[in-house]
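**Q** Could you put the whole structure together from the sequences, leaning on the hints where they help?
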Amino acid sequence: MRLPFTRRRGSDLDCATWLSERLLLLLLVGRLGGGEQPRVVTHHNGEATDLEVRGTVYTPAVGDNGTERRTALVVRFPAGPPPSGTTLEVRTTRRAVRIREGQLSRATTDLRTLLRQQLAPLDVAARQRLLASIVEGAEAELARTSSYSLARNLNLVRDALRQPLAARFKTTDDRQAVQVERLLAIDERSFWVRGWASDRIATDVQVELVSPEGHRIPVLEGAHRHARPDVDQFFAGSRALVSGVETGAKHGFVRYFEVPSPSLIPSGWIAELRDLGGEGVEEEAPPVATDLASVRNGIMTDIKDFASRQLDDELLCDHAHPALTKLQEHLGDSTRVDTVTQYGKPGSSAEVSVVVPLYGRIDFIEHQLCQFMHDPHFREVDLIYVLDSPELGQQLDESAAALHALYELPFRIVTLSRNGGYSIANNLGASFARGRLLLLLNSDVVPDAPGWLQTMAAFYDATPSIGALGPKLVYEDESLQHAGLYFDREPGASLWANLHYFKGLQSDFQPANVTRPVPAVTGACLLIERALWEEVDGLRPIFVQGGYEDSDLCLRLIESGRDNWYLPHVALHHLEDQSFPSDARRMATSYNAWLQTHLWDERIGQLMRDELFAARP
Amino acid sequence: MAKTKVLYVVHNHPVLHPGGAEQYALELHEAMRDSDEIEPILVARTGPAPGREDTTHPGSPFSMVEESPDEYLVYTEWDHFDFFHMTSRDKSLFSTYFANFLRAHKPDVVHFQHTLFIGYDLVSQIRRTLPGVPIVYTLHEYLPICNRDGQLVRRNGELCMKESPRRCHECFPWVPKGAFYLRKRFIQSHFENVDLFLAPSHFLRQRYIDWGIAPEKIVFEDYGRPAVNRFHEPVREGPRIRLGFFGQLNPYKGIKVLLRAMALLKRSGVDAHLFIHGANIELHGGEFEAEVRKLLGEAGDNVTVSGPYAHHDLPGLMAGVDWVVVPSTWWENSPLVIQEAFLHGRPVICSAVGGMAEKVQDGVDGLHFELGNPGSLAGTIGRAVHTPGLWETLRAGIPPVHAMDDHVANLTAHYSGLLERAKDPEVTMPLEASAL
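Line order of the protein sequences matches chains C and S.
Going by our numbering, the first sequence opens with residue 9, and the numbers climb by one from there.
Going by our numbering, the second sequence opens with residue 1120, and the numbers climb by one from there.
No lab work stands behind these hints, which were simulated from the structure alone.
Even for Gly, the Cβ is constructed at its ideal location relative to N, Cα and C.
Each hint should be verified, as a subset may be incorrect.
Among the chain S residues that face chain C by a calculated CB cut under 10 angstroms, a handful are [what the hints assert, rightly or not]: (1) 1175; (2) 1281; (3) 1285; (4) 1295; (5) 1301; (6) 1305; (7) 1308; (8) 1349; (9) 1351.
Simulated restraints on C-beta separations [stated by the list, open to error]: (10) S:1524 x C:382: 34 to 44 angstroms; (11) S:1545 x C:385: 21 to 31 angstroms; (12) S:1202 x C:382: 24 to 34 angstroms; (13) S:1524 x C:513: 50 to 60 angstroms.
**A** Okay, here's the thing in structure tokens:
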């Protein structure tokens, strides 16, 4: 049988294949010489155009048309395959090769065939060089287009050219082992990895992660390393002859990394572990998690497992911070307002807009409306519910219509396209506000008596240079939930935590019933002038899962010369954490506390030295 | 003068299912028909019940009770009912169907007997649809206060003195404290739209005041009973040893305490005989039913189980007993069986708590025993049957039962007082003063 794509006599072209619409892999006979990067020029209708090109020289496998060396080039055609009549010229200072369009299309084959017949039989070194060169040659195009089919083709190239390592693993007798436990995509180029690597003899090993598109990431470089007692324990029963094993070695690694061009294929990442002599093992990583909520939970878990509560913690500073900053940005960018539904006739004079995010539970609406109905003022309030759990959208539609029919209070439902989190929900909700004042309200807060919002608004208007105003919040057992928020840290601790004055004490405890400025107030019920809110750009969606946005807002208000006030003669009940899975919040807290300290350490320290804000006034 | 149109809302119609509060509600409705001042309309809830096929008309939950032009049934589904907040999840029941019904009938006063299987929301719907129409609500039990079937009894059977989110959470550990707080605020919010609460016992009134109803909004008004033809009291020689138990056989009614007492009496050779006129034990089933059956076996031939009875059977059944025993293990409100017993001249032996202790005076018209204590009950029964002349003395001490005519007159006065006030907020109702 005749191989269709072996070299034709009189031609310098061996064969070619399209890696994508614009990317051609070209195999030429012989070296181009000169050792320099060749130029590739198209000639069409007398017009010469220079193309982007990457290339490498390799030696064909023995027995395949002698031992004449070959050149592989990745060439980018900005406008796709060349029109007929085009001539392709490949040129170095030493040699020029001209290929007519007809020759090219005759020599073009599909990628799988080319890989199987031409490249797979090559020796290890040649394949490695070729792989690196093709990956590099495709990088810019992949970055420009995020083309999934290009990624698929690169994955085929990688699988054909990469030299697999041994897959010994998971018996206690293995000398070398590597495992990726978690691989999370924050976006197509930003990843989070957690795993461990162990070599019983070599102390100096390297681990490379190979993306499905062939990128190599030396994952241990700059990674956060930590002990993995579970791994130590697993190998403790080994019968293998061991020397040089470091007890308490930091087998574990966690790392945030970026790749130069997108990785689009969700499965097929491979971890390769090698000692200095090149001996190694490999292990396939689990499929990449791309759902931002799962990604965030994964990162949170790793922080919980491996981060310290220090301001200079390396995992937090070098990995979690850039990863989560990017993730929160994406969350914000990808959260849109799907629908805005008006129930009832909006009040004619919306003095106050009330924004209530709904997350996980929508039944609180009924409890709030059931209390608001006694407040004639609420017929004029611009009440906005923001559904941050879109999966409950249909249920909420039905419920909202029924509750509006029953209570006859006007309100709007803003439905988000995805769960964006507390600050994004509030910001998007507030963007629809019509009121001069804006109240952020949690869904699990219910007022004690009518008139509360008017009282707050009147106090706000009467207080010069006020920033945020918060009322007294009380638990269902009548103990204090909120009487103003302050910052504190244990002696010797580096992270500031948010605390509430007198939390848990009886609600009429005298010092908790003093109207006064406080460092911050809770976002569970926070009144602010809308113009001011817009001036400071609302809540910053940099914190995870809610919790510190309110204090961050208040700190920014102080920074801009405002005071935050606590108003005890308005009281509401706050059934804290009913609407929130507290596990997730606990995990997020350590990062958020770190981030707040990272941003505000000095300012908070200065505030808390002020007599006025002392925890025990 | 045009009659005052009063809409009565009740959770069940006795033609469908027997029950004390609904029986009273129907009697009141019937008595009001004869009034010169009141034109009553009754709406009783109905719905699918075990073993029965009900129907409703497509497009409306309302239908007539046959041959009674002023009696309606309103059909609601079990599975639309939220038993925690005691409200319908299907809000169109209020905002569409009841609203239309109210606009069609335009009652001058709405008087709730019960909102079970309907929902407290109806109170607020009436306030919105018919602003200014007085709303009266008779509290028959403690469902608004207590999630344990309104019994005010804790998980271990202990009587509950005070609800709170924490204590309720202890009783129902799977329900968070905050949910109990919201439950109470939800019910109280709707109750704010009620103008006047009626409490059939002072005990119940005080419990609701403790719970948060303003004292001036809740007045005592016992159930009124239509006059009965007293049977001729046959002359009997010898001790009065016949005891009667009337009512539902459910775990709160104390039947187990009574049967244990009967077994003790049998062992100590006291001659006493108990007739059980009760129904629905099979509804409670399981352990309770098995235990009752076992205790019945132990009490042996000192106990006769006669099963369910119709309301019109009562005079005959009362004639067949000397004492009526009310051994409930919860507070009770104003048990209708005590009124029945008194109407027929039967002294009552009851637990010494709550509404029972209020209605029965120990040593005057009946005897008290320690709640839940079979020994105490056995001793009391022993004393009752062995003390010569005691039965006659207690029988003579029985006070007159609140007559339906007086009840109708009182309610009519309440209605007109509320209507006056609705016209002019300066008017103080005479009956409010009596409540303070």
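**Q** Taking the hints in turn, state whether each one holds.
**A** Results for each hint:
1. 1175: Violated, because the Cβ-Cβ distance from residue 1175 of chain S to chain C comes to roughly 19 angstroms (cut-off 10 angstroms).
2. 1281: 13 angstroms, violated
3. 1285: This hint holds: residue 1285 of chain S lies near chain C, its Cβ roughly 6 angstroms from the closest one there, short of 10 angstroms.
4. 1295: 6 angstroms, holds
5. 1301: With Cβ-Cβ at 5 angstroms, under 10 angstroms, it holds.
6. 1305: 5 angstroms, holds
7. 1308: At about 5 angstroms, which falls below the 10 angstroms cut-off, the nearest Cβ of chain C leaves the hint on residue 1308 of chain S intact, so it holds.
8. 1349: 49 angstroms, violated
9. 1351: 56 angstroms, violated
10. S:1524 x C:382: 34 to 44 angstroms: 38 angstroms, holds
11. S:1545 x C:385: 21 to 31 angstroms: Holds, since residue 1545 of chain S and residue 385 of chain C (Cβ atoms, about 26 angstroms apart) stay within the stated range.
12. S:1202 x C:382: 24 to 34 angstroms: Hint holds: Cβ distance 25 angstroms, inside 24 to 34 angstroms.
13. S:1524 x C:513: 50 to 60 angstroms: Between residue 1524 of chain S and residue 513 of chain C, where Cβ atoms are some 57 angstroms apart, the hint holds.
Figure legend: structure checked against the earlier numbered hints; hints not met, in rising order: 1, 2, 8 and 9.
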